[in-house]
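Listed here are the chains, written in short residue letters.
Protein chains: 2
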Amino acid sequence: MSKYMSMENLKFILHDYINISQLCQYPRYQDFDKDSFDILLDSNKDFADKELFPVFREMDEQEAHYADGTIKVHPVVGKMMKSSGENGFIGGIFDHEDGGMQLPHVMHVANGHIAECANNHVTGYPGLTTGAANLIASFGSQEVKDMFLPQMIAGQWAGTMCLTEPQAGSSLSDITSSAKKNADGSYKIAGQKIFISGGDHEYCENFVHLFLARIEGAPAGTKGISLFAVPKMRKEADGNLVSNDVVTAADFPKMGQKGYCTTHLVFGENDNCVGWLVGQENKGLKHMFQMMNAARIEVGCTALSMATAAYYASLQYAQERPQGRRIMNSGEKDIAAGQTLIINHPDVRRMLLLQKAITEGGIALTMLAAYYQDLSHAGPEKDRAKYHGILEFLTPIVKTYGSEMGQVSVSNGLQILGGYGFCSEFVLQQYYRDIRITTIYEGTTGIQSLDLLGRKVVMNNGEALKDVTKLMIHAIKDAEKYDDLAPFAQKLKEASKELEQTVMHLVGIAMQGKHEEFIADATLFMEMISTVIIAWQWLSMATKAKEYAITANPTFTNEFYEDKIHTMKFYFTYELPKIKGLKETLLSPELLTIAKENSKVLV
Amino acid sequence: MSKYMSMENLKFILHDYINISQLCQYPRYQDFDKDSFDILLDSNKDFADKELFPVFREMDEQEAHYADGTIKVHPVVGKMMKSSGENGFIGGIFDHEDGGMQLPHVMHVANGHIAECANNHVTGYPGLTTGAANLIASFGSQEVKDMFLPQMIAGQWAGTMCLTEPQAGSSLSDITSSAKKNADGSYKIAGQKIFISGGDHEYCENFVHLFLARIEGAPAGTKGISLFAVPKMRKEADGNLVSNDVVTAADFPKMGQKGYCTTHLVFGENDNCVGWLVGQENKGLKHMFQMMNAARIEVGCTALSMATAAYYASLQYAQERPQGRRIMNSGEKDIAAGQTLIINHPDVRRMLLLQKAITEGGIALTMLAAYYQDLSHAGPEKDRAKYHGILEFLTPIVKTYGSEMGQVSVSNGLQILGGYGFCSEFVLQQYYRDIRITTIYEGTTGIQSLDLLGRKVVMNNGEALKDVTKLMIHAIKDAEKYDDLAPFAQKLKEASKELEQTVMHLVGIAMQGKHEEFIADATLFMEMISTVIIAWQWLSMATKAKEYAITANPTFTNEFYEDKIHTMKFYFTYELPKIKGLKETLLSPELLTIAKENSKVLV
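Order-wise, the sequence lines are chains L and C. The first sequence begins at 16 in our numbering and counts up one residue at a time. The second sequence begins at 16 in our numbering and counts up one residue at a time.
Chain L with its partners taken away, still in its complex shape:
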């Protein structure tokens, strides 16, 4: 079987870099230790090897499609849901009392990474079930929990998130789905939802849709949205499941992730759709953001996982394909010599190192964010708010760096194969098509960037950014201890200053009350800060690699650690300098993207 991910790298990040076993000191996680974490990871890898990776290409070729009122999907979806119920992939993170294992979230994300590298078409089905069940666990009444949680955690019933409506798109304040209270406290639901991932198929007996709607008379905008659990089938008093008037209208055919269905659902067409309120009335969007934030981390992780698998596919090709010769110092090539492997051409190595830098740097940040989720959930009480702030700050960055730079990474992988990269016979083109959705899922890059600059940077007087900066300064100090890392620590220090100046400039615009101008280039700010944040990840990883390499008892080979330090240098040399240009653009006084008034033309 081809290599599609690196367990060594994942364990290095979890144990040597982040040291997630620190979590086991907190009561919530006391059942676990490093060994039990590794056993879980290894058994997930084994399942991914045997069941998920082998059908990855099939799921693209036999795409999900609408037929006979439901969606036909690959049979591995059934296997995945069943296995995810059995092995805790769905319910692992839940409280014991809700049927969970109290597994740290970072382990859930790490397990997800393994499965997503193997087969990104199948992981969303259990993934959304976890998210939906978690919303019910967090905000549902005991009645609602009892109604749905056991079957969801067991993987018998699937969960979805139902936000998007045709007329509203990303503008959630414009959703019109409705809810009217019934005498028994339940609600009558009506509305249409589109782009519902995993919304229907034949391998689960029921689907529980976490559904945003307006209760009759609710205020306009996002402050009038409530959250409901709306099942496809509802349980009658006799325990039988009957139709809850949720109709699958279509599946959207698409360019990639073809095995992961994207449905159009119609609720209450026959006035017979019942939903149960989850959480408080009119607080639905706030509640939904718990699932949404987890999904954002998940999307970033999925994108990086696709890019990881693409990286290893292109690395293998580069290690096996002879072509051309190296250029000699004379500028000539020795045509009498045999061909060299393409990994020896500098431009191919550059594309390989770029992929390694993006994917491993991104995965490190993803795991770090998930770790802060655990600290904010079950760490020391006094620090939870701080950790939560760091998590909130990093979430849009994980989502956007993973998806945007993951696309760059996959494209470089495809390029290494030359003409074969474009051919259906090779897998790179599938990753290329699959990953393109990830900058759109769960809030586009534009939306993430508005969230980062417009909310997260300024929240609590910039507290989260200050906390993140402190972490960076800490990493810089650790790296400065080593002579060969010190110059790079210095570069990160300078980059951090450039970033600070840029933030001050932008916040100054906001303080002048020019809010549209303040957020106009949020996407460029996102690119700039992401580039710095990933540099921090690389510097930290290189420091740990250094530490472990010089101990008498290193976990990995010396080559593994040298690779890490080399890739850090590559990142600092080839990626970090981009912030110079971004800063110049962000500081430019030209206002070129702000429409004069409601305008249909560009200028």
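Hints listed in this document are in silico derivations from the structure and should not be mistaken for laboratory results. Hints are not guaranteed to be accurate.
Which copy is meant is left open, because identical chains are indistinguishable; a pair holds if it fits in one copy or across any two.
[Stated by the list, open to error] Quick list of in silico lysine-lysine cross-link-like pairs, DSS-like style, CA-CA up to 30 angstroms:
#, residue 1, residue 2
1, LYS348, LYS615
2, LYS529, LYS506
3, LYS481, LYS593
4, LYS512, LYS196
5, LYS492, LYS595
6, LYS506, LYS595
7, LYS87, LYS195
8, LYS301, LYS203
9, LYS26, LYS611
10, LYS26, LYS481
11, LYS301, LYS496
12, LYS397, LYS485
13, LYS506, LYS611
14, LYS481, LYS401
15, LYS481, LYS348
16, LYS593, LYS508
17, LYS506, LYS593
18, LYS512, LYS595
19, LYS593, LYS485
20, LYS348, LYS529
Starting from the structure of chain L, add chain C where the hints point.
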């Protein structure tokens, strides 16, 4: 019908910016004038509207495929070949004596742009026929010309270029196809060629393959390669066409450009394949480069044409799709107000302006390069070498900027549609898949960049770069006359200096005899110089827009000219600053992509 390109923009570039009618002063082009150029362009647009654009999506859905020993393609291919023969799309650029119209090459490329915007799956068929026929016209004996040219120019016989072999890929010195001289002066041909675009189908009665092979006993490497015309069917003494032992073995299924077949051809399997030498023995690669260079311009143009069509598709969506509200200066949104069109969101405008900046800047450079081709071919004798040098210098830039930044452009177009951009129902995903091949066709980005830095920058003591720099300085002086353009002229002056410093640094490395180090980051150098060269195009276009806008008799609307100036400012603010980071990387002393020795690992 949806807008897929702008005739206004094309005519502005051809007439107002470049002023191609200047060519009509030279004897070769004296039959033409501005009006006859426009009539040709308009009639091509009419054909593209009626025949090409309407079947663009069909060609993706009904992909080319191998069946019954040939390739099944969409019937529009037959229509296109016939029409291209009749209207001079194939033979227009040829000499009168070879049956051509002596049309300027820039007009051929402009006509190609129109057709490629309408339907990039079909244009390669006549395009390669032009290139193959042109090789025969330039280097073939009268016998070979008579044998092939009339039918090729008429579109009855198609042409291809046969370079790639499975074991050689981009490394042409390793091709092994063979040629053995027959008694009558023809050659017996044998070998396999892969990735042959337009290599076979049922709508042409014959295919003339321009084929690279080694004559028995030829020297090793590229200096032992000769060029042959090898038809699928050869004419017997009685005038009948009989099989020439060229077998179509397969068609490569691929991610995009599915209507444009990519074949695997087997020559001489039954020892009965005849070819005719074109040009001199062992000079085949040199001859082939005439076709290759034209094809490189063509690929850049095709990529930019796909990106142009994608731009207009996303612009239309942005002008029609209401979603969300603008942010008010308070930082709030007015939820009582109706939704705004998404073109009014700054991030969407940014993505539209980026597409406009890339595509129109790239098309301007493409037409300029083609114009220098005409000057080098038929301009004043004494300047032809200089113009040829400029053309040679710009060719890899046209190819690479168009294909690399064209991909960025299309991706931004797709992003504007959100979830719909990923759905098969909308066309953006098709452009996204189609354009991905263009950084691979006719020499990958890596190969183009080696050609640019390793050959073109240093040839004739850097003469071509000096000539290009002079053109830029000229453009800067023209722009400085206008107060509002002067600051941007200054920016280009500074960018040109940064570029010069970078070139000096790199050439210094070459002069130390460190050739592999010199070219290791050629791809980054390509990105840097392309970014500056396109800034030059924008400054020149803005200057012309300014000139025309203030004359009493402007060709276009005032909005058209304002758009140009605004987009120039956008390019200088959002794109040009990238060179800062690129320069820093190119000047870095770290050597991170050079393999230690023949190595199978990264570090």
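We went through each hint and held it up to the structure:
{"no.": "1", "hint": "LYS348 to LYS615", "in the structure": "between (56 angstroms within a copy, 20 angstroms between copies)"}
{"no.": "2", "hint": "LYS529 to LYS506", "in the structure": "between (33 angstroms within a copy, 27 angstroms between copies)"}
{"no.": "3", "hint": "LYS481 to LYS593", "in the structure": "both (23 angstroms within a copy, 28 angstroms between copies)"}
{"no.": "4", "hint": "LYS512 to LYS196", "in the structure": "neither (55 angstroms within a copy, 71 angstroms between copies)"}
{"no.": "5", "hint": "LYS492 to LYS595", "in the structure": "both (23 angstroms within a copy, 28 angstroms between copies)"}
{"no.": "6", "hint": "LYS506 to LYS595", "in the structure": "both (12 angstroms within a copy, 16 angstroms between copies)"}
{"no.": "7", "hint": "LYS87 to LYS195", "in the structure": "neither (33 angstroms within a copy, 58 angstroms between copies)"}
{"no.": "8", "hint": "LYS301 to LYS203", "in the structure": "within (22 angstroms within a copy, 76 angstroms between copies)"}
{"no.": "9", "hint": "LYS26 to LYS611", "in the structure": "between (52 angstroms within a copy, 28 angstroms between copies)"}
{"no.": "10", "hint": "LYS26 to LYS481", "in the structure": "within (29 angstroms within a copy, 54 angstroms between copies)"}
{"no.": "11", "hint": "LYS301 to LYS496", "in the structure": "neither (44 angstroms within a copy, 56 angstroms between copies)"}
{"no.": "12", "hint": "LYS397 to LYS485", "in the structure": "within (18 angstroms within a copy, 66 angstroms between copies)"}
{"no.": "13", "hint": "LYS506 to LYS611", "in the structure": "between (40 angstroms within a copy, 26 angstroms between copies)"}
{"no.": "14", "hint": "LYS481 to LYS401", "in the structure": "within (10 angstroms within a copy, 58 angstroms between copies)"}
{"no.": "15", "hint": "LYS481 to LYS348", "in the structure": "between (53 angstroms within a copy, 28 angstroms between copies)"}
{"no.": "16", "hint": "LYS593 to LYS508", "in the structure": "both (15 angstroms within a copy, 21 angstroms between copies)"}
{"no.": "17", "hint": "LYS506 to LYS593", "in the structure": "both (13 angstroms within a copy, 18 angstroms between copies)"}
{"no.": "18", "hint": "LYS512 to LYS595", "in the structure": "both (12 angstroms within a copy, 17 angstroms between copies)"}
{"no.": "19", "hint": "LYS593 to LYS485", "in the structure": "both (23 angstroms within a copy, 29 angstroms between copies)"}
{"no.": "20", "hint": "LYS348 to LYS529", "in the structure": "between (59 angstroms within a copy, 13 angstroms between copies)"}
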